[in-house]
Amino acid sequence: MPEDLAIPSDDDQSQGALDALIAERKRKRDHLGSLGVNPYPSRFDRTASAGELHRDYDGLEADQRTGQIATLAGRVVSLRGHGKLIFITLADQSGTIQLLIQESRRSDRAGQVLEALDLGDWIGTSGEVITSRRGELSLDVDDLQMLSKALRPLPDKWHGLVETDTRYRQREVDLLANAESRRVFDIRFKAIAALRRFMQDDGFVEVETPILQPMAGGAIARPFFTHGNALDIELSLRIAPELYLKRLIVGGYEKVFEIARNFRNEGVDTRHSPEFSALEAYRAFGDFNDGMDLSESMIVAAAEASIGTMTVTVGERSLDLTPPWPRRHLLDWLEAVVGVRLHPSDPVEKVRAICDAHHCEYLEEWTSGKLIFELYDTVLLPLVTDPVFVYGIPIDVSPLARSNDDDPTMADRFELCIDGKEFVNGYSELNIPEVQVERFARESQLAAQGDLEAMPADAAFVRALEYGLPPTSGIGLGIDRLVMLLAGVEAIRDVILFPMLRPESFD
RNA sequence: GCGCCUCUAGCUCAACGGCAGAGCAACGGACUCUUAAUCCGCAGGUUUCGGGUUCGAAUCCCGAGGGGCGCACCA
3 MPEDLAIPSD DDQSQGALDA LIAERKRKRD HLGSLGVNPY PSRFDRTASA GELHRDYDGL
63 EADQRTGQIA TLAGRVVSLR GHGKLIFITL ADQSGTIQLL IQESRRSDRA GQVLEALDLG
123 DWIGTSGEVI TSRRGELSLD VDDLQMLSKA LRPLPDKWHG LVETDTRYRQ REVDLLANAE
183 SRRVFDIRFK AIAALRRFMQ DDGFVEVETP ILQPMAGGAI ARPFFTHGNA LDIELSLRIA
243 PELYLKRLIV GGYEKVFEIA RNFRNEGVDT RHSPEFSALE AYRAFGDFND GMDLSESMIV
303 AAAEASIGTM TVTVGERSLD LTPPWPRRHL LDWLEAVVGV RLHPSDPVEK VRAICDAHHC
363 EYLEEWTSGK LIFELYDTVL LPLVTDPVFV YGIPIDVSPL ARSNDDDPTM ADRFELCIDG
423 KEFVNGYSEL NIPEVQVERF ARESQLAAQG DLEAMPADAA FVRALEYGLP PTSGIGLGID
483 RLVMLLAGVE AIRDVILFPM LRPESFD
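Numbering of the first sequence is given in the working numbering, commencing with residue 3 and proceeding in unit increments.
Hints are supplied without guarantee of correctness; some may be wrong.
Claimed, not checked - Computed beta-carbon distance windows for the label pairs: (1) 334 <-> 207: 30 to 40 Å; (2) 458 <-> 434: 18 to 28 Å; (3) 213 <-> 65: 56 to 66 Å; (4) 164 <-> 236: 41 to 51 Å; (5) 213 <-> 105: 36 to 46 Å.
Unchecked claim - Computed list of lysine-lysine pairs in BS3-like fashion (alpha-carbon distance at most 25 Å, straight line): (6) 30 <-> 86; (7) 159 <-> 28; (8) 151 <-> 192; (9) 372 <-> 352; (10) 372 <-> 423; (11) 30 <-> 192; (12) 192 <-> 423; (13) 159 <-> 86; (14) 151 <-> 28; (15) 86 <-> 151; (16) 352 <-> 151.
Just so you know, these hints were derived from the structure itself, not from any lab.
Quick caveat, the model's predicted, so the values are computed rather than measured.
Ideal Cβ placement from N, Cα and C applies to all residues, glycine included.
Let the hints inform the model, and build the full structure from the sequences given.
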């Protein structure tokens, strides 16, 4: 919401309620200043965190004194006054700790700071570690300093911040007010750290490839475009790092990965964000089976590190991530479900009939392979609960994947599906330059027919293939979706700190 | 893009055609063991914005804006 950043004058009778609250806090801050207390000191040394104190002293009986002096810093999130005795709940990143402030014990400066104290202020404090008469671990405060004054009031301490708009736009407030939001992002960053650790431990080199690209490739998606002034060229934001990563394998890196922010200029819903994170990994000398092994291991590692369990609950659904995960051939599974053996070499009429029978819509120009893939998306995917690898995917929808040695209409490609969603896409990489050229040519043909999603030919990538790409296994993992799964949330915006929204108006 | 829902005090929510209210936060006061502290008192509003209907609109209608959900596209 728009707020005037100018300090309102005291005689302004028209000032709003919020302005009055802010003015009151400024008055307190300035009063501290007039007492010679700097409300914005440059630094503060602490000796412990709330979490450390709980770790070291939890379990003490009520009304105990430890003789241990600790110095803490954090934000005031609750304030309970009893006249000459005041309880404060102080929050730092590690948790919360109670401050017990007795008038008879505290310093004069502590008294001055208390006078000026509001919910939300950052303070530094020191005192003896004790337990209260009710048994709560507390700091018996003797000194208190203001570290930074909060000028705006905090959301309701019990209900927190509820409105999604504000939660996304002012994530800092969401984080400080809502423990659930902190929980989700703690899981996110633990999971990402675990993925990175796992990959590094497995000998993968973390690399960086361009986000600004002359021609976005490596996936089927509509890109964002921008302009590079220095070279006066049109650039697009990457939709996938795939082509550059494979060029690094050509260059001699045998195991590479990138945690890549990708950008796709497409619809926004609970599962899609225009800006999303993927982990892509490429390993020389491997095939898609290695990709399935890797996917399983790294997701299990991420789950262990972030939530410590293989059981997750999303909405009403309870899912079991315990490995190993089944691997089902797409055509076998489809046959089991629709009762007819389909194959990309089948006449389109036969596959269309199955689509019609299963409410799967299609376009006139789609091939049998594309239709089969569509059946997988609309008929099989919704059936998935616990993790399952689906492998063997029509070559028609896999322009960068190697075809199967025994069946050239199918790609050595898999998708990892959990809870009705795709989490990983991986395949044996196509490394025959002429075949890649043919695949690109076919995509161009589709583009000429008006398919906006057809993949553009990338001559630089083909040239790289001509230097020789070894047999390679590649995978791409959707990190946001993985975090949604681990945290048990159903909106992708709840796992992205600052999701894309229409710009705020400050008029 | 289409449809549905939503917007009231800093926050969370009432009032649903008839005086805009509560809790928390704030402000003044009491209180040395609370932890959603309690108690007394006091204040806080362009009901998102602009039109319209009406004796009277937060409420009904139209339009605009923000957000959410569903469908379509996509991972």
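Here is what the structure says about each hint:
Hint check: residue 334 to residue 207, Cβ distance near 37 Å, so the stated range 30 to 40 Å holds. For the pair residue 458 and residue 434, the supplied restraint of 18 to 28 Å holds, since their beta-carbon distance comes to about 19 Å. Checked against the given bound of 56 to 66 Å, the beta carbons of residue 213 and residue 65, roughly 59 Å apart, stay inside it. Evaluation of the 41 to 51 Å hint for residue 164 and residue 236 yields a pass: the beta carbon distance comes to about 43 Å.
Distance hint check: the CB atoms of residue 213 and residue 105 are about 58 Å apart, inconsistent with the given range 36 to 46 Å. At most 25 Å may separate the alpha-carbon atoms for a hinted pair to count; residue 30 and residue 86 meet this at roughly 20 Å. Taking the CA atoms of residue 159 and residue 28, the gap is about 21 Å. The hint holds against a cut of 25 Å. Restraint check for residue 151 and residue 192: the C-alpha separation of about 31 Å exceeds 25 Å, so the hint is violated.
At roughly 13 Å between alpha-carbon atoms, residue 372 and residue 352 fall within 25 Å of each other, so this suggested pair holds. Restraint check for residue 372 and residue 423: satisfied, since their Cα atoms lie roughly 19 Å apart, inside the 25 Å limit. Between residue 30 and residue 192 the CA atoms are separated by roughly 39 Å; this puts the pair beyond 25 Å, and the hint is violated. Among the hinted pairs, residue 192 with residue 423 is consistent with the structure: their alpha-carbon atoms are about 22 Å apart, no more than 25 Å.
Restraint check: the Cα-Cα separation between residue 159 and residue 86 comes to about 23 Å, which is no more than 25 Å; the hinted pair holds. Pair hint residue 151 plus residue 28 holds up; C-alpha atoms about 8 Å apart against a cutoff of 25 Å. For a cut-off of 25 Å, the pair hint linking residue 86 to residue 151 stands: about 23 Å separates their Cα positions. With a CA separation close to 71 Å, the supplied pair residue 352 and residue 151 exceeds the 25 Å bound.
In terms of the numbered hints stated before, the structure departs from hints 5, 8, 11 and 16, listed from lowest to highest.
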